[in-house]
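Asks: Each chain, letter by letter, is given below.
2 protein chains.
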Amino acid sequence: MAQRAVSRRLGKINWMFFRLRAVKAALYSRKIGGNLLTNRWKNERRCVAMSNNQIINGVNVTQLVSTIELIKEKPEIADFKFRATNKWVGGTHNRANVKDFYGAGAQDDSRATMTFEIDEPPVLLGENHGANPVEYLLVGLSGCLTTSMIAHAAARGIQIRAVESRLEGDLDLHGFLGLSESAPVGYKEIRVSFKIDADLSPEEKQELIEMAKKYSPVFNTVAKPVPVKVSLAKE
Amino acid sequence: MAQRAVSRRLGKINWMFFRLRAVKAALYSRKIGGNLLTNRWKNERRCVAMSNNQIINGVNVTQLVSTIELIKEKPEIADFKFRATNKWVGGTHNRANVKDFYGAGAQDDSRATMTFEIDEPPVLLGENHGANPVEYLLVGLSGCLTTSMIAHAAARGIQIRAVESRLEGDLDLHGFLGLSESAPVGYKEIRVSFKIDADLSPEEKQELIEMAKKYSPVFNTVAKPVPVKVSLAKE
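Chain order of the listed sequences is A and B.
So in my numbering, spot 172 of the first sequence is number 173, and the numbers just go up one at a time.
So in my numbering, spot 158 of the second sequence is number 159, and the numbers just go up one at a time.
Derived from the structure by calculation, the hints contain no laboratory data.
Hints are supplied without guarantee of correctness; some may be wrong.
Identical copies carry no separate label here, and so any pair may be met within one copy or between two of them.
Here are the computed lysine to aspartate or glutamate pairs in the EDC-like style, where the Cα-Cα straight-line distance is at most 16 Å [said to hold, decoys possible]:
id: 1; residue 1: Lys230; residue 2: Glu77
id: 2; residue 1: Lys225; residue 2: Glu204
id: 3; residue 1: Lys235; residue 2: Asp198
id: 4; residue 1: Lys100; residue 2: Glu211
id: 5; residue 1: Lys189; residue 2: Glu77
id: 6; residue 1: Lys88; residue 2: Glu182
id: 7; residue 1: Lys73; residue 2: Glu165
id: 8; residue 1: Lys225; residue 2: Glu128
id: 9; residue 1: Lys100; residue 2: Glu128
id: 10; residue 1: Lys230; residue 2: Glu128
id: 11; residue 1: Lys73; residue 2: Glu128
id: 12; residue 1: Lys88; residue 2: Glu165
id: 13; residue 1: Lys215; residue 2: Asp101
id: 14; residue 1: Lys196; residue 2: Glu211
id: 15; residue 1: Lys189; residue 2: Glu169
id: 16; residue 1: Lys225; residue 2: Glu190
Could you build the full structure based on these sequences and the hints that come with them?
Replies: In structure tokens:
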């Protein structure tokens, strides 16, 4: 389905679900007093009053809900393919490009090309032309956990003021250098520590973290085994 | 061990191992005629003749060999910790920084801060402020497989003229959106296709690919499960 058709469907569905959620919000706040759910729905009714598009944490929740309903009707819309290309420059320096992807039933080539320099520091034979590959992995992981937390909090009407995280991963070079058959070649462990500024108790913030992990594509790509098929292009 | 001490040790060991490899190269080319190993060592003797530092594919193989010998003496030098920090900007936009790391027995804060904008395209609620997290993962994977191939080829004296790769990963949003308990939340599969320009047969190029996979930290981090611990910072 072309993305313009998707947008028109979203427009039609928007109003219908906006009204449904406003009704749900009113009902919930009367039934359940003084807990997270009530706060969540009170916030939502305030946002609902402001515009047709419900924006929480900068996320268009109206569009999110509409997308979910569209996917329930047409599951194939949820199939996405993300891409990158890479060209070796010299030594440990190579360069990756990201531009096109496939999703919501259509190819998308609308974005300008995003270019990333990849290298190693001198202690690992490089010249610091860019961050190294395992650091790029941490960049992706940090972004994914954050977006997953923000989007799912928004869908539940949870307002967040600020989020920061620090990540660290342990790597034993015995694996990369082929010096040990038992040392893991990849990260041994990655630790992520979040600071969340929101009117939530520590337990409620911990729930946000669990939600971030559960729904983060990069977290799940790292924490679980994912098949990676590497082959020679046909000449 | 301070990194300056490591560099002085590398200097002393360089000459010794440079001579050892030159001797090995001469012996191999007489014993084994006309196969990859001979070509490999012939190339190496030509490089050996040129300078004290043996550079193949832009990789300082002399430094690589020295590093390996140092690690055999002091295994803890191989323990590295890579880091990133992330700050949410708004909506699906957040920003990651990479600067310091730990390795070879010391903290390293020498690099300028590298900043990465992370966002989603509009169809996924974003505004294209940067590549999205799962694309950053492909960037890291592309760089790691390339560097792993180049470095291990260099260590074996295999000259490569050019390397390019194309990557594609399949993502089903049912997982991210919480619409299905059975859909994987992470990538379902990632495919990498390499073009290698070198005086090698297709079988020899396939060996390079197997070597890249075996020794790539990001490949192994994705293909195998890696523990990721996410917690709330102490306030």
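Asks: Could you work out which earlier hints the structure fails to respect and list their numbers in ascending sequence?
Replies: Hint check: 1, 2, 4, 6, 7, 8, 10, 11, 13 fail, others pass.
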